[in-house]
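What follows is each chain in one-letter form.
There are 2 protein chains.
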Amino acid sequence: MAKQDNRYDIVIVGAGPVGILLSLCLSRWGYRVKHIDNRPVPTATGRADGIQPRSIEILRNLGLKRALMAYEPAKVYDVAFWDPLPGGKGITRTGNWPSCPRFIDTRYPFTALVHQGKIEKMFLDEIEKAGTVVDRPWTIVDFENNGTDAEYPVEVSLKCLDTNVIENVRAKYLFSGEGARSFVREKLGVKISYKDQISFVWGVMDGVVQTNFPDIKTKCTIHSDSGSIMVIPREDNMVRLYVQIASSTDPDWNPRKTATVEEVQAAAKKILRPYVIQWDRVEWYSVYPIGQGIAEKYTLDHRVFMGGDACHTHSPKAGQGMNTAFHDALNFAWKMHAVESGFANRSLLESYEPERKQIAEDLLAFDNKYAALFSKRPPSAEEVGNAKSNDANAEENEFVQTFKSSCEFTSGYGVAYDPNVINWSPSHPAQSHLFGIDGVKLVPGRAFTPTTVTRLSDANMIHLEQEVPANGSFRVFVFAGTPQKSKKALEDFASYIEKEKSFLSVYRRPDIANVSYFERHNPHSKLFTLNFIFASEKNGVDMQSLPQIVKDYHHHIYADDIPDVRVPHAKYSAHEKLGFDPEQGGVVVVRPDSHVACIVRLVEGSGTVDALNAYFNAFSSKPLGQGPGSHL
Amino acid sequence: MAKQDNRYDIVIVGAGPVGILLSLCLSRWGYRVKHIDNRPVPTATGRADGIQPRSIEILRNLGLKRALMAYEPAKVYDVAFWDPLPGGKGITRTGNWPSCPRFIDTRYPFTALVHQGKIEKMFLDEIEKAGTVVDRPWTIVDFENNGTDAEYPVEVSLKCLDTNVIENVRAKYLFSGEGARSFVREKLGVKISYKDQISFVWGVMDGVVQTNFPDIKTKCTIHSDSGSIMVIPREDNMVRLYVQIASSTDPDWNPRKTATVEEVQAAAKKILRPYVIQWDRVEWYSVYPIGQGIAEKYTLDHRVFMGGDACHTHSPKAGQGMNTAFHDALNFAWKMHAVESGFANRSLLESYEPERKQIAEDLLAFDNKYAALFSKRPPSAEEVGNAKSNDANAEENEFVQTFKSSCEFTSGYGVAYDPNVINWSPSHPAQSHLFGIDGVKLVPGRAFTPTTVTRLSDANMIHLEQEVPANGSFRVFVFAGTPQKSKKALEDFASYIEKEKSFLSVYRRPDIANVSYFERHNPHSKLFTLNFIFASEKNGVDMQSLPQIVKDYHHHIYADDIPDVRVPHAKYSAHEKLGFDPEQGGVVVVRPDSHVACIVRLVEGSGTVDALNAYFNAFSSKPLGQGPGSHL
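Protein chains in written order, with UniProt numbering: chain A, 1 to 632; chain B, 1 to 632.
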């Protein structure tokens with residue numbers, strides 16, 4: 001037992017954005033986590049600050065949105081562009097556009113801004129509630145995947161920076177969330193490949209200002225004859241200014257070039273003329289060089305992993321660092337859980353690097369394209385109008401297309417994972433003519449679209465995409481169409497899902513006999529939550545006549561009877577917005593990180609469940625979908 | 001100075017719903033509050049629990065909504081009716097309807113349920129932050145409005161129930177929130193008049209149950225051959241059952257009749273047959289007699305006041321007790337503030353009793369009517385459809401009408417104060433042809449309707465009705481129509497409101513020279529916040545060209561450019577939903593408790609400001625609107 005004490009499921013190094021989200025998930029899901037950080041205390045202020053619309057969804061799914069909003073973050077709905085007036089007369093607003101235009105279907109069409117210290121604090125409070133404490137100031141001094149212990153193959157040496165005491169632990173996994181200077185990455189010999197080889201020195205200053213500049217509470221990019229600046233409104237009457245101090249494209253490029261607070265303020269005063277600005281106080285100031293680079297590998301052995309800034313660094317302007325880190329962490333967390341819970345083959349972990357590295361590459365490409373887009377000219381009013389529009393017929397020139405994909409990307413809804421064993425495509429091992437439904441707008445690899453429906457048990461109006469919390473379960477959404485039309489198909493679905501070799505039966509809870517009466521999400525299996533949405537008014541569904549296995553998900557049976565402004569003429573808004581025929585319905589499997597996995601037709605007979613079994617069988621550690629039927 | 005120490009602006013007796021809301025407002029607004037409660041500790045659990053849609057708005061306006069929602073209250077969206085099946089075969093659902101149907105325009109179409117202890121706690125935390133601590137266990141033993149001190153005319157004797165120490169204090173006001181057994185009311189000799197003279201004994205039980213009764217998470221009234229019961233879902237998997245144990249209409253009426261937990265459970269089991277129910281645990285159980293009564297007076301001298309259960313008691317079924325108490329407290333708080341801040345004549349306090357007593361009378365009348373409505377028959381499907389509808393042309397029989405007014409009442413939006421010096425009507429002292437605008441749907445005395453607009457300074461999408469917090473200020477909403485059309489009218493408005501005798505100038509802040517740059521709500525006067533809403537897209541308003549006095553409210557300048565599902569064809573949803581011509585606009589004065597005060601046309605010349613001056617002059621302690629003009 002004493003020996004057992006230094007064995008952990010995972011060692012997480014670093015308590016920045018990627019480390020805290022990973023630590024929270026795994027601690028909550030029952031893993032033994034060793035989490036260290038080399039700073040004596042958490043971030044006090046400053047640093048990363050922008051939380052994208054899609055990240056707000058992720059935080060809500062983790063139960064953290066209320067804590068975030070309690071900080072009263074500044075909310076950026078709009079970006080304004082300021083350019084020089086001719087004749088040295090200062091600057092003028094030449095355009096503006098929504099930071100998350102209406103064509104992006106999100107509940108949170110804004111970026112929320114609070115400093116990283118507050119974000120870390122809300123995670124750390126919850127991590128502690130889940131039983132993990134971040135040890136500080138501790139650092140990693142050595143590690144080796146030596147396989148001495150087959151179950152805990154990774155040996156890690158940690159050192160307390162206060163006492164110099166060394167602690168050796170064994171772990172199933174080691175995760176580096178160390179930031180740009182990663183000991184783990186260096187020891188592994190993983191190189192950073194620099195895109196375009198452009199580097200920058202940035203000055204960033206958070207402070208409280210008084211000014212007559214009218215857009216001080218709006219995100220702005222300002223080009224003037226005296227230089228450029230980016231303005232980001234912050235919580236507590238603060239504003240952040242980004243000033244580019246040097247670029248490797250400068251003739252006198254010096255990566256050690258710096259600037260004092262006073263120099264940056266003087267520069268800002270010049271740039272903002274004819275408006276005046278003065279500082280009440282400066283809360284945080286930093287100058288840092290940034291190279292836009294991506295680690296060539298995120299893991300070498302699928303035991304030692306990296307994420308966040310350890311894998312990708314880029315300009316802070318796009319506000320993507322923390323958000324990309326969150327996605328890295330969530331992506332790794334559920335896959336490790338799927339493997340360690342005995343559900344998925346170990347090879348599932350091989351999808352972490354390609355999925356996340358591709359997004360980092362998109363990010364860097366975007367970063368450059370975004371800059372180029374604006375250096376040419378501001379958008380015209382007509383182009384802004386077209387770009388904001390929801391109307392698929394609006395004319396789209398290259399400018400508008402780039403703008404749209406930029407907005408999708410900065411909002412976080414542009415994260416689109418390629419086809420692989422999790423994201424179904426025609427080349428997936430699971431083959432059935434029931435995969436894919438014409439007209440359905442959901443795309444495997446992309447986030448599940450928000451819809452609002454009525455829960456039958458308590459008539460509550462709910463946000464369907466948030467109904468299953470981030471607990472590592474796959475979400476199976478059965479859009480059950482009209483109750484009369486789909487009665488037989490639903491009965492067959494219930495019947496075949498009860499067969500011995502179905503995904504639900506094979507992975508049923510070992511404690512199924514003792515599951516609480518109040519269990520809402522996982523009555524049968526810890527790995528799946530079933531949801532049933534009927535194209536019907538609330539009173540049109542007879543709960544009592546549903547198959548028992550459906551009734552067991554009493555918290556997840558819904559009527560699709562809430563109007564949606566995005567499909568104003570729809571009778572069954574959720575079905576129709578997603579593109580389902582409201583009579584036929586269909587089944588959507590959503591990954592534990594809320595990305596769509598596959599879409600299957602809902603038909604009479606065994607076909608639908610056969611297709612789902614085949615889908616999960618592609619990465620299941622136990623065979624699914626064969627053998628004689630028997631009951632759950 | 002030692003003598004000064006026992007002088008308070010107000011002594012509040014009782015820390016139940018009415019006392020805590022009053023204490024919070026007055027403590028925050030800078031008053032010296034002595035607040036006592038005779039219980040040694042706050043409510044632990046049980047008691048009142050239902051917070052209406054309109055009360056949720058009030059809590060949000062006090063900054064308490066996030067704390068409320070953090071308790072994860074049960075939300076009641078629907079009420080189901082169960083009735084006996086013929087032949088003793090148990091019960092069946094005969095109907096259901098929304099508890100807050102769509103014709104009621106609210107952001108929170110549900111009742112939130114958490115026990116009174118949690119609600120008290122969130123108030124007590126904030127009261128303490130505002131500098132007041134509730135002394136416990138203390139009681140009131142004597143009081144007298146003896147005028148010995150003209151400024152603090154009320155002498156109050158308080159006694160500590162732990163030590164028997166007596167403390168004598170002087171106060172400007174004494175407020176009894178003591179509940180049904182009020183020492184203050186008895187000493188004043190105020191009688192309770194009992195409506196209909198019907199009394200009841202109720203048993204109420206909060207507990208965690210397991211049942212196959214399908215509507216256990218819905219509010220239900222159940223009539224069976226074995227008796228009647230009301231089911232209210234609660235937070236934390238609890239359910240509340242109300243059982244009527246005795247009624248004064250019973251032949252063997254005995255107000256001391258009681259029942260044990262086991263008896264109530266046995267009764268519930270019989271009533272719910274054929275469904276089964278069993279208790280995991282009982283959290284709270286109480287039996288109490290209720291007489292439906294109203295105090296004849298709420299004050300005798302406008303120094304000693306009463307509110308909450310001290311003034312009105314009624315059946316708990318309608319879920320109105322706590323909500324009515326909140327309204328009592330808010331109504332008194334802002335009026336006392338208006339008087340004590342030097343703004344309003346003391347006679348303004350005379351409106352507290354008639355406004356609040358009328359609502360208590362409406363409540364008792366409603367309580368009886370509501371009961372009668374259901375004892376006859378459940379509503380038909382068609383009636384429910386008509387009643388839910390937003391369509392003004394739907395046929396309305398008496399049943400539907402009663403239902404609609406019932407829903408309005410239970411949601412809190414039925415509170416409609418009669419015309420008086422605050423609620424303008426043609427008999428108001430202020431006379432101008434500019435009062436009242438044809439087509440405008442706002443009614444003086446009723447709550448201001450929710451609308452969503454875009455704030456110009458930061459492009460945030462905001463809820464207009466919540467933009468000014470409950471800080472005791474009147475809110476002046478200038479619906480400024482189209483900027484081009486209303487330019488001159490708005491310039492004149494700005495010009496005349498700057499004149500020496502305008503309401504804004506006469507009551508300007510004495511510290512106006514030192515007002516913070518970041519002041520959002522009260523740059524000129526602590527008593528008024530001006531808001532300007534333009535019928536325009538965000539980019540159609542040139543902030544720079546607005547009059548300086550308008551620009552001073554930079555946090556309160558809005559564009560009416562957000563679609564609203566309730567007026568799907570409107571271009572300027574807020575203007576059009578409220579009934580304003582989007583070209584002309586108009587001005588709405590809203591009381592500090594969010595009830596509409598008056599509506600005035602926005603015209604060129606001095607007329608609009610003249611009308612507003614005349615309106616406020618009706619209760620202003622200083623003359624408004626006369627004399628030569630000069631600048632603020």
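Just so you know, not all the hints are guaranteed correct.
Note: identical chains are not told apart, hence a pair may lie in one copy or across any two.
Said to hold, decoys possible - The calculated BS3-like cross-link candidates involving lysine-lysine, where the alpha carbons are at most 27 Å apart (straight line), are: (1) Lys159 / Lys195; (2) Lys526 / Lys622; (3) Lys129 / Lys118; (4) Lys65 / Lys129; (5) Lys89 / Lys191; (6) Lys89 / Lys551; (7) Lys485 / Lys441; (8) Lys551 / Lys269; (9) Lys118 / Lys65; (10) Lys65 / Lys369; (11) Lys487 / Lys538; (12) Lys551 / Lys270; (13) Lys187 / Lys441.
Treat the hints as calculated values from the structure; they're not laboratory data.
Taking 27 Å as the upper bound on the Cα-Cα distance, should lysine 65 and lysine 369 be classified as within, between, both, or neither?
-> Neither, since 32 Å and 42 Å both go past 27 Å.
Given a CA cutoff of 27 Å, do lysine 65 and lysine 129 count as a within-copy pair, a between-copy pair, both, or neither?
-> The answer is both: 17 Å in one copy and 24 Å across copies each meet 27 Å.
State whether the alpha carbon distance between lysine 551 and lysine 269 is at most 27 Å within one copy, between copies, both, or neither.
-> Cα proximity of lysine 551 and lysine 269: across copies only (23 Å, versus 65 Å in one copy).
Within a copy, between copies, both or neither: where do lysine 159 and lysine 195 come within 27 Å Cα-Cα?
-> neither (35 Å within a copy, 77 Å between copies)
Which holds for lysine 526 with lysine 622 at a C-alpha limit of 27 Å: within a copy, between copies, both or neither?
-> within (16 Å within a copy, 70 Å between copies)
Is the C-alpha distance from lysine 129 to lysine 118 at most 27 Å within one copy, between copies, in both cases, or in neither?
-> The answer is both: 17 Å in one copy and 21 Å across copies each meet 27 Å.
Within, between, both or neither: lysine 551, lysine 270 at alpha-carbon 27 Å = between (67 Å within a copy, 25 Å between copies)
How would you label the pair lysine 89, lysine 551 (within, between, both, or neither) given a Cα cut-off of 27 Å?
-> between (70 Å within a copy, 24 Å between copies)
Between lysine 485 and lysine 441, at a C-alpha cutoff of 27 Å, which is it: within one copy, between copies, both, or neither?
-> within (22 Å within a copy, 44 Å between copies)
Could you figure out if lysine 187 and lysine 441 sit no more than 27 Å apart (CA to CA) within one copy, between two copies, both or neither?
-> Classified as neither: same-chain Cα gap 44 Å, cross-chain 71 Å, threshold 27 Å.
Give the relationship of lysine 487 and lysine 538 under a CA distance limit of 27 Å: within one copy only, between copies only, both, or neither.
-> within (16 Å within a copy, 49 Å between copies)
Check lysine 89 against lysine 191 for me: Cα-Cα at most 27 Å, and say if that holds within a copy, between copies, both or neither.
-> neither (48 Å within a copy, 76 Å between copies)
In this structure, the hints that do not hold are numbers 1, 5, 10, 13, in rising order.
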